[in-house]
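Colleague: So the chains spell out like this:
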Amino acid sequence: MHGDRAADPLSQREFIITRRLKAPRELVWRTFEDPYLLAQWWGPENFTSEVTRLEFRAGGEWHVTMHRPDGTEHPVRYQFVEILAPERIVYRPWRQPGAINPPPTYLATLTFDVFGNETIFTMRAEFESAANLAVAVNGGFREGTNQAFDKLERHLAAF
Amino acid sequence: MQPDRLSLTLSAIADPTRRAILMRLMDGEASVKELAAPFEMSIPAICKHLKVLEGAGLISRGRNAQLRPCRLEAQPLRDAVGWIEEFSRFWDTSLNRLDGLLERLQSADPMAKKN
Chain A
22 MHGDRAADPL SQREFIITRR LKAPRELVWR TFEDPYLLAQ WWGPENFTSE
72 VTRLEFRAGG EWHVTMHRPD GTEHPVRYQF VEILAPERIV YRPWRQPGAI
122 NPPPTYLATL TFDVFGNETI FTMRAEFESA ANLAVAVNGG FREGTNQAFD
172 KLERHLAAF
Chain B
352 MQPDRLSLTL SAIADPTRRA ILMRLMDGEA SVKELAAPFE MSIPAICKHL
402 KVLEGAGLIS RGRNAQLRPC RLEAQPLRDA VGWIEEFSRF WDTSLNRLDG
452 LLERLQSADP MAKKN
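Those protein sequence lines, which keep their order, are chains A and B.
Sequential numbering of the first sequence, starting at 22, is according to the numbering used here.
Sequential numbering of the second sequence, starting at 352, is according to the numbering used here.
Just chain A, with the same shape it has in the complex (with noise of 0.2 angstroms):
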């Protein structure tokens, strides 16, 4: 034992999505490695991407700048961690040490399969020590967080 703390199994910690892209993986994995490509549609809704750095390799930095509609910035900063082309993207988010309250840190990897003439893109978000949120979801905590719920729960693997 390591800590106070178990570990959560790792199903539990991870967040997940997958999409079915109807392009062929070495045309959607251009979308991730050029940045010209990649700023068309990295973002949140009616934020426009500028990606002012992408170091395409392992311990290369990605630093996207988001503009939201009224002019404000989010500069965001992820790292590499491993690329293997052109299958494998998995990167992490950037934290100002001694943030206060900062958003957690996961580590992200993209997975790009062969799916005839299709790619099957997984993002699978592992937190350090995140719960089991489909529990949670199972839970049906109250006061305003049910809906919320309701919209992980599709996205979530593990159940």
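None of these hints come from the bench; they were simulated from the model.
Note that CB positions come from ideal geometry on N, CA and C, so glycine has one too.
One should not assume that every hint holds.
[To be verified] Sample of chain A residues at the chain B side, in silico, Cβ under 10 angstroms: (1) F36; (2) L42; (3) A44; (4) L48; (5) R51; (6) T52; (7) Q61; (8) P65; (9) E66; (10) T93; (11) F148.
Put chain B on the given structure of chain A with help from the hints.
Modeller: Chain B only, in chain A's frame:
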């Protein structure tokens, strides 16, 4: 170094007993004895769970008298759900746009390609 609050929240709600305690507290504050009643658990065992919940900021306990009733602090839970929801929405939105981009790239739309 600040602890990662979301991880703390999620870790606290990982346990079914602790979730049951939170569910009970949604109906109003309760004493340790009242919280222990539905479980086949000793008071010290329940107190251990309460400490975890309190440490994660999910409950607070009254300071007066010996009863120290527990009450739910909903905000950290809302924050945790909100973050996860935002994260999932980010990917949904991005992948929808990626769908569109891939379609344009394959239909050889010159706007989608770099020269």
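Colleague: Hint check: is the beta carbon of T93/A less than 10 angstroms from a beta carbon of chain B?
Modeller: Hint on T93/A: violated, closest Cβ of chain B at ~16 angstroms, above 10 angstroms.
Colleague: Holds or violated: is the Cβ of L48/A closer than 10 angstroms to a Cβ in chain B?
Modeller: holds, 6 angstroms
Colleague: Does the interface hint hold: is P65/A within less than 10 angstroms of chain B, judged Cβ to Cβ?
Modeller: holds, 5 angstroms
Colleague: Hold the hint about T52/A up to the distance rule: shortest CB distance to chain B must be less than 10 angstroms.
Modeller: Given a least distance of 6 angstroms, the restraint on T52/A holds.
Colleague: So, F148/A near chain B? Judge it on the closest CB pair being under 10 angstroms.
Modeller: holds, 6 angstroms
Colleague: Are L42/A and chain B close enough, Cβ to Cβ, to be under 10 angstroms, as the hint says?
Modeller: Holds, because the Cβ-Cβ distance from L42/A to chain B comes to roughly 6 angstroms (cut-off 10 angstroms).
Colleague: Tell me if the interface restraint on A44/A is satisfied: Cβ within less than 10 angstroms of some Cβ in chain B.
Modeller: This hint holds: A44/A lies near chain B, its Cβ roughly 4 angstroms from the closest one there, short of 10 angstroms.
Colleague: So, as I understand it, the hint says Q61/A touches chain B; can you test that by seeing if any CB pair is closer than 10 angstroms?
Modeller: At about 5 angstroms, which falls below the 10 angstroms cut-off, the nearest Cβ of chain B leaves the hint on Q61/A intact, so it holds.
Colleague: Under 10 angstroms, Cβ to Cβ, is where E66/A needs to be relative to chain B, so tell me if that hint holds or is violated.
Modeller: holds, 5 angstroms
Colleague: Going by Cβ atoms only, is F36/A closer than 10 angstroms to chain B?
Modeller: holds, 7 angstroms
Colleague: Is the interface hint satisfied for R51/A? The criterion is a beta-carbon contact with chain B at less than 10 angstroms.
Modeller: holds, 8 angstroms
Comparing the model with each earlier hint shows a violation of hint 10 alone; every other hint is respected.
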